[in-house]
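Read off the chains here:
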Amino acid sequence: MQIQATRIIHAYRQAPWRVQRQYVGAFLLAVIVVALVSALYLDVTARAALAGREIQELRLGITAIQRSNADLETELAGLTSSTTMQRRALELGYRPVKPGELDYVFVPGYVAPEPEILLAAVDITTPAYRVPKDYTESLLEWLDERIKFGAAP
Amino acid sequence: MRQQYIARSTVLAVGLLVVSIAIIVQMFRIQNSEAAKLFLSQGDLYAGEFQMFHPERGEIYDRQGHLLAGNRTVYEVGVSLNDMKDVDAMAYVLGTYMDMTFEEVYDKLTDSPESWTYIVIKDYVDAETVTALQEVLQQLEDAEDNRLDGLGFKPHYQRSYPEQNLASNVLGFVTRDGRGYFGIEEKYNDLLAGNPVQVWVPRDPNKAIDIPKVPNGTTLVLTLNRDLQAKVENILDESLIEYGAKNGAIIVMDPQTGEILAMATTPRMNLNNYTDYFQVYDNGSQYNRSIGMAYEAGSVVKVLTMAAALDTGAVTPQTSFVDTGSINVGGITIQNWDRQAWGQQDMTGCLQHSLNVCMAWIATQMGSPTFYSYMEHFGLGHPTGVDLSGEAMGRLKVPGDSDWYPVDLGTNAFGQGVTVTPMQMLMAVSAIANDGKMVTPHMLYAMLRDGHQYNVPSQYAGSPISEQTARTLTQMLTVSLESESSLALLPGYRVAGKTGTARKAGVGGYSERRYQAVFAGYVPASRPRLVAVVVIDEPSAGAYYGGAVAAPVFARIMAGALRLMEIPPDDLPDGTGLVHSAASPEELG
Numbered sequence: 001m002q003i004q005a006t007r008i009i010h011a012y013r014q015a016p017w018r019v020q021r022q023y024v025g026a027f028l029l030a031v032i033v034v035a036l037v038s039a040l041y042l043d044v045t046a047r048a049a050l051a052g053r054e055i056q057e058l059r060l061g062i063t064a065i066q067r068s069n070a071d072l073e074t075e076l077a078g079l080t081s082s083t084t085m086q087r088r089a090l091e092l093g094y095r096p097v098k099p100g101e102l103d104y105v106f107v108p109g110y111v112a113p114e115p116e117i118l119l120a121a122v123d124i125t126t127p128a129y130r131v132p133k134d135y136t137e138s139l140l141e142w143l144d145e146r147i148k149f150g151a152a153p
Numbered sequence: 001m002r003q004q005y006i007a008r009s010t011v012l013a014v015g016l017l018v019v020s021i022a023i024i025v026q027m028f029r030i031q032n033s034e035a036a037k038l039f040l041s042q043g044d045l046y047a048g049e050f051q052m053f054h055p056e057r058g059e060i061y062d063r064q065g066h067l068l069a070g071n072r073t074v075y076e077v078g079v080s081l082n083d084m085k086d087v088d089a090m091a092y093v094l095g096t097y098m099d100m101t102f103e104e105v106y107d108k109l110t111d112s113p114e115s116w117t118y119i120v121i122k123d124y125v126d127a128e129t130v131t132a133l134q135e136v137l138q139q140l141e142d143a144e145d146n147r148l149d150g151l152g153f154k155p156h157y158q159r160s161y162p163e164q165n166l167a168s169n170v171l172g173f174v175t176r177d178g179r180g181y182f183g184i185e186e187k188y189n190d191l192l193a194g195n196p197v198q199v200w201v202p203r204d205p206n207k208a209i210d211i212p213k214v215p216n217g218t219t220l221v222l223t224l225n226r227d228l229q230a231k232v233e234n235i236l237d238e239s240l241i242e243y244g245a246k247n248g249a250i251i252v253m254d255p256q257t258g259e260i261l262a263m264a265t266t267p268r269m270n271l272n273n274y275t276d277y278f279q280v281y282d283n284g285s286q287y288n289r290s291i292g293m294a295y296e297a298g299s300v301v302k303v304l305t306m307a308a309a310l311d312t313g314a315v316t317p318q319t320s321f322v323d324t325g326s327i328n329v330g331g332i333t334i335q336n337w338d339r340q341a342w343g344q345q346d347m348t349g350c351l352q353h354s355l356n357v358c359m360a361w362i363a364t365q366m367g368s369p370t371f372y373s374y375m376e377h378f379g380l381g382h383p384t385g386v387d388l389s390g391e392a393m394g395r396l397k398v399p400g401d402s403d404w405y406p407v408d409l410g411t412n413a414f415g416q417g418v419t420v421t422p423m424q425m426l427m428a429v430s431a432i433a434n435d436g437k438m439v440t441p442h443m444l445y446a447m448l449r450d451g452h453q454y455n456v457p458s459q460y461a462g463s464p465i466s467e468q469t470a471r472t473l474t475q476m477l478t479v480s481l482e483s484e485s486s487l488a489l490l491p492g493y494r495v496a497g498k499t500g501t502a503r504k505a506g507v508g509g510y511s512e513r514r515y516q517a518v519f520a521g522y523v524p525a526s527r528p529r530l531v532a533v534v535v536i537d538e539p540s541a542g543a544y545y546g547g548a549v550a551a552p553v554f555a556r557i558m559a560g561a562l563r564l565m566e567i568p569p570d571d572l573p574d575g576t577g578l579v580h581s582a583a584s585p586e587e588l589g
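Residue numbers (the numbering used here), protein chains in the order written: chain A, 1 to 153; chain B, 1 to 589.
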């Protein structure tokens, strides 16, 4: 009776090559998943590095442009300095106006202009902002964070 | 056979497992060892570097937006010694382009300590020189010639003053260490310089975003009017030549707001060559005489004495005084400037003829406590609080001081024995021009930071006299100038003011030959918009009285200032604007 039962069990058992193939398949699947994740990680990391490098270069560019701006502004101020403008005016045939050559006209409601806001001097740099961490941290950094501090709430 | 295979496989598997576990254990051991921590910390050293970010120094503008102080790029030229291939070529090229000798550069390159990897050959090299050097470098690179390898240029800012000498006494200057000296540059150094930030700059490009933005220094807008400043400086320079004077100081201010529109003194220097300071000035107080040097006040103080007397009711404009040519105060006889008796005078006459005796009498009528109280309320003996570095206080002796004597009440009343800076004198007179109210004089109109403009409000500094007193005194001053056909008068405008002539104190008493000619006044008298003080120091070309020397300078300055500021004459109502010049283009051409 027992021999018969063993035979029945043997009849339903997977063939060994089948089991081996399943193991191999599972292993290959795991390898493929790891390879895919690695490739994705590599791609993201490479692109982040490129973006980071680009940011560094842009920052250098901004600094260079700011320097150039300051240089041009100073140069322009030199070209339009009081001494230079007076000399150019005299060369063009102008002369200082005399008190008797002035006419004053009453204008109802006239208010002498106040100094304007100096638009040229205003710092128009956009306020600095930070890119959210989710867009910058690497997979390893994310894992490290999770291990250290647990899952995010 | 099969059994043997299984046994071998098992042994091999166990062996591999043991090796694997050993490798993993070893990995963990190495990762957590002391040596690993040391390696990690050493690695961190090369992961980035601490860099000090110096913000761009804030600029300085005049009230119309003309740049008075800016920044320009200069370079530090250095050589990376490890990359240097040819010392001779490097020394020759740098020496040729940077105005140095071959030996100078060569010695720098070869005499540096062993541990140095980089050496600065010259700093603050201008952009033109660096551009020329970069072209040479490029040509050599194109020819695959590496003889200048290691040469590098580090840009940074240097202060630049496009107007050079203009308003140099007001602006001050910035040395190479980035610190401001004198004037606005020193007073507002912390604002202008901003806050340097030391930052860890990672080499990892992924962390590039972590570098913070360093905000620039605050930009300042001054109350100065550049064109008026230039005009005032020109007139002052011409006047010093015309009258053979040593020095001078002129300040023009809006009495209602305390905004200083022009402040000219001598000598001045090109701020781009600040190292000339030691050749131009003997000491710091000479840098801006308008605030740094106290002068004998002279007869301008008579205006303040009269203001106090009118305000207390001690006298009225019609009060009669018989001038006998002398008066005894504290046991000492005081005489008029011309040692003459002027007979019967009203108070306007006392001002018009600048009678010392009359003023001493007025002071005695008020008494010491009242007189000195008013003088202190006018700001004598106290700094004005103007926002410029290096302000002097002057001296007003008061009862109780060890060197005060009863006669001082009489002499102080006409300005003798009282020292004031031109700025103090201007502030005191501005109270009369501004209906009795004083406003703290200031240079700062606005600050610009992070895209916002912060205007600086005027600061009330007290009311030494009433509005009625101020108007009465203005009328008296106007009449006194017009009665004597003063050289300070302007066609179309009513001028209020007072001349002063002070003998300079020297060793052993007052000098008989060294004078200061002074004029303080304001226009238009009916609604004062400009108040000015003119001090001409030691005129030597004949005339030396304030009325002959300082008054015409005042008139020239005000003629230009009224035109530039578009201030209509007294007889035109408020709301009148300057619309055009009557001169035809042909006439102008």
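Read the hints as simulated data drawn from the structure, not as lab findings.
Just so you know, not all the hints are guaranteed correct.
[Said to hold, decoys possible] Chain A stretches covered by chain B per the calculated footprint, using a threshold of three residues with CB under 8 Å from any CB of chain B:
no.	segment
1	79-85
2	99-107
[As the list claims (entries may be wrong)] Taking lysine-lysine and the BS3-like style, the derived pairs with C-alpha atoms no more than 25 Å apart in a straight line are:
no.	chain 1	residue 1	chain 2	residue 2
3	B	154	A	133
4	A	148	A	133
5	B	85	B	154
6	B	37	A	148
Here a beta-carbon is modelled for each residue, glycine too, at the ideal position from N, C-alpha and C.
Restraint status (C-alpha distance of residue 37(B) to residue 148(A) at most 25 Å): holds, 18 Å
Verdict on chain B covering the segment 99-107 of chain A, criterion of 3 CB contacts below 8 Å: holds (count 9)
Proposed proximity, residue 133(A) with residue 154(B) (alpha carbon, max 25 Å): Violated. Residue 154(B) to residue 133(A) sits at ~33 Å, over the 25 Å cutoff.
Whether chain B covers the segment 79-85 of chain A (at least 3 residues having a Cβ closer than 8 Å to its Cβ atoms): holds (count 4)
Residue 85(B) paired with residue 154(B) [C-alpha distance capped at 25 Å]: Since the Cα atoms of residue 85(B) and residue 154(B) sit roughly 20 Å apart, the hinted pair holds (cutoff 25 Å).
25 Å limit on alpha-carbon distance, applied to hinted pair residue 148(A) and residue 133(A): holds, 16 Å
Of the numbered hints listed earlier, the single one contradicted by the structure is hint 3.
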